[in-house]
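Trainee: Below, each chain spelled out in residue letters.
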Amino acid sequence: MKPNKNIILKNWPIFIVIIILSVSPFRMNNYWIDVFFFFGIYALLGLSLNIVLGEVGLFDLGHMGFMAIGAYTTAILNTHFGIPIIFLMPVSALAAAGFAWLVCSPIIHLRGDYLCIVTIGMGEIVRLTLINNPFGITGGPNGVFGIDFLSFGGPLVIDSSIESYFVIWIVVGLTILALINLQRSRIGRAWNCIREDEIAAESTGIDVRYYKLLAFVLGAGLAGIAGNIYASKLMIVSPESFSFIESCMLFCIVLIGGMGSIPGIIIGSAAVSLFPEIFRAFARYRMLIFGAAMVIMMVFRPGGIWPRKRGSVEFKSLLTKAGEDNV
Amino acid sequence: MFKDSSLNTEKLVESKPGEERIKIVQKIALETQKLTKKFGGLIAVNNFDLKVNRGEISSLIGPNGAGKTTVFNVITGLYQGDGGKVIFKGEDLAGKKPHRIIAKGIARTFQNIRLFSNMTCLENVMAGQHCRSKEGTWSSIFRTSYQKKEESEIRKIAKRLLQRVGLWKFGDELAKNIAYGNQRMLEIARALASNPDLLILDEPSSGLNDKESEDLMKFLKSLLKENLTILLIEHHMNVVMGISDWVTVMDEGKKIAEGVPEDIYHNPLVIEAYLGKEEEEEEEI
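Protein sequences appear in the order of chains A and B. Under the working numbering, residues 4 to 330 are what the first sequence spells out, in order. Under the working numbering, residues 782 to 1066 are what the second sequence spells out, in order.
Read the hints as simulated data drawn from the structure, not as lab findings. Note that beta-carbon positions come from the ideal geometry of N, C-alpha and C, so glycine has one too. Possibly wrong hints are sitting among the right ones.
Unchecked claim - With a cut-off of at most 27 Å between alpha-carbon atoms, the simulated DSSO-like pairs for lysine-lysine come out as follows:
no.: 1; chain 1: B; residue 1: LYS937; chain 2: A; residue 2: LYS13
no.: 2; chain 1: B; residue 1: LYS885; chain 2: B; residue 2: LYS808
no.: 3; chain 1: A; residue 1: LYS13; chain 2: B; residue 2: LYS929
no.: 4; chain 1: A; residue 1: LYS13; chain 2: B; residue 2: LYS950
no.: 5; chain 1: B; residue 1: LYS950; chain 2: A; residue 2: LYS312
Stated by the list, open to error - Listing some non-contacts, in silico: residues in chain B with all C-beta distances to chain A over 10 Å:
no.: 6; residue: PHE820
no.: 7; residue: THR850
no.: 8; residue: LEU1005
no.: 9; residue: GLU1033
no.: 10; residue: PRO1049
Stated by the list, open to error - Far from chain B, some chain A residues (derived; all Cβ distances over 10 Å):
no.: 11; residue: TRP15
no.: 12; residue: PRO16
no.: 13; residue: ILE22
no.: 14; residue: ASN32
no.: 15; residue: ASN33
no.: 16; residue: LEU80
no.: 17; residue: GLY115
no.: 18; residue: TYR117
no.: 19; residue: ASN135
no.: 20; residue: ILE173
no.: 21; residue: SER246
no.: 22; residue: ALA284
no.: 23; residue: ARG289
no.: 24; residue: MET290
Bound conformation, chain B alone:
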């Protein structure tokens, strides 16, 4: 069900000759260049460069207040950046509206789950397909045959997704009534309903127990087979290290390290950002 995104890449490749460039472009799904976001005098994100490779799970980690969620919000258009580019499929998405960005193929979830709580689980996933359907007001009022066909298609896809995340039995329940772990999965199903090329997850395992977060990680891995790229923010270091192909570490709005998980694990800068310098601790005591 996930559409092939190679078409756009091909176009880009044609327009920019040079073999090395081609390889890089084909590999990179999302790239931010010198992304900056200020809140008043506070620079939340400072000239931040992020690369997400196609078909991989990339993670963005960092201590609290490092600006991870702000990066996500700028990428998905909820915040207007103060500078820099967000390049996706060869196009600069910076400054575009959120509903345009999801239509381009970047879907997201939220750190504190944001479901449509008074709607059923099925309706939540159906709503997720909004940007992939197009019937308008008049065809809905008169229930044209084409509109009916599209609706039934939307329902079928929603059902398939709910079955995949194991929530089909709750399809007719209100989203606010299902368990927390299930709500997380429902939010992911809703994001997947938009048929994205890149899925951005903001702390997907927060609030989940070990078993649930393990299941979640397995599920995310299984998504990779369907031409999907995943970018996630995580707090749990062990979760990140177990699943990611590429890790970017940020602190105080800047990138301090990036690399494969093993390198990051031993990087002194990262350890410092998470645990603080030894001398400082002594001083505090």
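One chain only, chain A, in its complex shape:
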């Protein structure tokens, strides 16, 4: 794609956000850069859960389990075998995706709350397994430490806050591009159809089982990548990072932002990761305020802060090609 002036003019808010995000770390201290790094991690996780929850409408409250698989794959392979983090990124994604495929295949036909309960169980089983230190490789409650920094070979090592900030936000950016393309494809349409009406989707020719599994596998793969970046940034992974409450937070990101809405997810992850930092003075009342905000949100904006706007892109492309059928 060649840079087109029109694209920049049409999407000016997006470009302003990109400019702000790329300039701001140079004006912030390391603490805030790290806060923004975790904002990026939450955004990536939110986007990955958005595929499952937002696009297909499958209640997945064990999403942190997939991230844990990715993070521990990176940690164990790196500390035991010294494989560089960069090569482990696709490996973690594949491990998490493979795990999702294995675990979700038998439960994919469950609907609504039943699926929700099973995924909670799945996430908890992953966490408890990690604590119990199977074969002595996960390090029990202490976790695995001494993980390398992300390195692109030679002197290009991501070892400062600002560098990891850029790594995570570049990954988030690429993910957003991929997801926008998916949303506008027959895959994205099939997902939305399943969310709207499963039986109609099936009768319309959509292989419901396949597309649900695909959503889980892609979502888990992205969570695995998030786990990889997380592990190399913190240099330590421990089971407590992947608790049930974190999965709930991801769920909130998607609900606050708006199901299936990419800008909504970014706003939602900002709400979950930045506001607690901004209002640190009220840290005691954090959950209280958070709960109240959720209730107010659900009453006044049930579709989320930024619900997805449908259509128009496809529709307009048809109008401009032949103006006469403007009815």
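Here the structure of chain A is known, so what remains is to put chain B in place on it, guided by the hints.
Mentor: Leaving out everything else, chain B in the frame of chain A:
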């Protein structure tokens, strides 16, 4: 835009010599043999034989609870039958998954409209072409040129179909926001988007006023010219009689009569099924 379905028939004809057989096979689009469906102890459909002739409008009528919709659901794979065959293009479709059956060329609509309500009308019809397109996850993520081409093709077909059913002006509206009659037409457009050989409509005129259902019937007739076969369930007797070439009547899961509309109209068994026996009525009073 509707593809010619003669190819499959030819194959079948070759494999089964005998001239009479050929004539029958060529004429029949869909056939169910001894179709049975039980819900627990209740036999909803009992050894039901249905024939749908190619290029005609066939109707399946019967009083409430006769099992008409169940027959449809078994044919389109939403229910697993408990016995019998569904023969379409020389192949037994019984027990196949719904998305495989629509790929074979049987599209359907629902009695209580089931649209993708939070998607636009255009997207609804585009979704209807799912089984006729094949671009996968990776080509969608990277937006390959082939994927773009297929998408624009999908859009164009969707536009043409919306124009045909007169809903193009609502193309960018959410499906839940358009009027009830339009929703019905949109559902038919979505079914047509899969390029079917057989269109199965479950009470298409329910909830429509006289003018709308008349327009609908005209539209269905116009579809016949495009090598399409139509099977419909109807409640309104006058609608059925006006449009159908062949009528099958079922009651309590069994076929009680079949024939051309005029014969059915005067068939005492049919009248009995719809209105009840005279003595019974007297007893009730």
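Trainee: Are the hints correct? Go through all of them and say.
Mentor: We went through each hint and held it up to the structure:
With a CA separation close to 25 Å, the supplied pair B:LYS937 and A:LYS13 stays within the 27 Å bound. Of the pairs offered as hints, the one joining B:LYS885 and B:LYS808 holds, with about 18 Å between alpha carbons and a cut-off of 27 Å not exceeded. With a CA separation close to 21 Å, the supplied pair A:LYS13 and B:LYS929 stays within the 27 Å bound. Taking the CA atoms of A:LYS13 and B:LYS950, the gap is about 25 Å. The hint holds against a cut of 27 Å.
Straight-line distance between C-alpha atoms of B:LYS950 and A:LYS312 comes to about 18 Å, which keeps the hinted pair within the 27 Å bound. With a cut of 10 Å on Cβ distances, B:PHE820 stays outside the contact zone with chain A, its closest approach being about 17 Å. Every CB of chain A lies more than 10 Å from the CB of B:THR850, the least distance being 13 Å, so the non-interface label holds. For B:LEU1005, the shortest C-beta to C-beta distance to chain A comes to about 22 Å, beyond the 10 Å cut-off, and the non-interface label holds.
The claim that B:GLU1033 lies off the interface holds: its Cβ sits roughly 26 Å from the closest Cβ of chain A, which is beyond the 10 Å cut-off. Every Cβ of chain A is farther than 10 Å from the Cβ of B:PRO1049; the closest lies at roughly 37 Å, confirming the non-interface assignment. Even its closest Cβ contact with chain B, about 22 Å, leaves A:TRP15 beyond 10 Å, as expected for a residue assigned away from the interface. Against the 10 Å criterion, A:PRO16 stays outside the reach of chain B, whose nearest CB is about 22 Å from its own CB.
Chain B leaves A:ILE22 outside its interface by the beta-carbon criterion, the shortest separation being 25 Å against a cut-off of 10 Å. No beta-carbon of chain B comes within 10 Å of the beta-carbon of A:ASN32; the shortest separation is about 37 Å. With a least CB separation of 34 Å from chain B, A:ASN33 remains clear of the 10 Å interface cut-off, as annotated. Interface exclusion of A:LEU80 from chain B stands, the closest Cβ pair being 25 Å apart, more than 10 Å.
Once the 10 Å rule is applied to beta carbons, A:GLY115 is consistent with being away from chain B; the minimum gap is 17 Å. Residue-level check passed: A:TYR117 sits 20 Å from the nearest beta carbon of chain B, beyond 10 Å. No beta-carbon of chain B is positioned within 10 Å of the beta-carbon of A:ASN135; the least distance is around 35 Å. For A:ILE173, the shortest C-beta to C-beta distance to chain B comes to about 16 Å, beyond the 10 Å cut-off, and the non-interface label holds.
Its beta-carbon lying about 31 Å from the closest one in chain B, A:SER246 satisfies the requirement of being farther than 10 Å from that chain. The Cβ of A:ALA284 sits about 41 Å from the closest Cβ of chain B, beyond the 10 Å cut-off, so the non-interface label holds. In this structure A:ARG289 is separated from chain B by more than 10 Å, as the shortest Cβ-Cβ distance comes to about 34 Å. Residue placement check: A:MET290 keeps its beta carbon more than 10 Å from all beta carbons of chain B (closest about 32 Å).
In summary, this structure violates none of the numbered hints.
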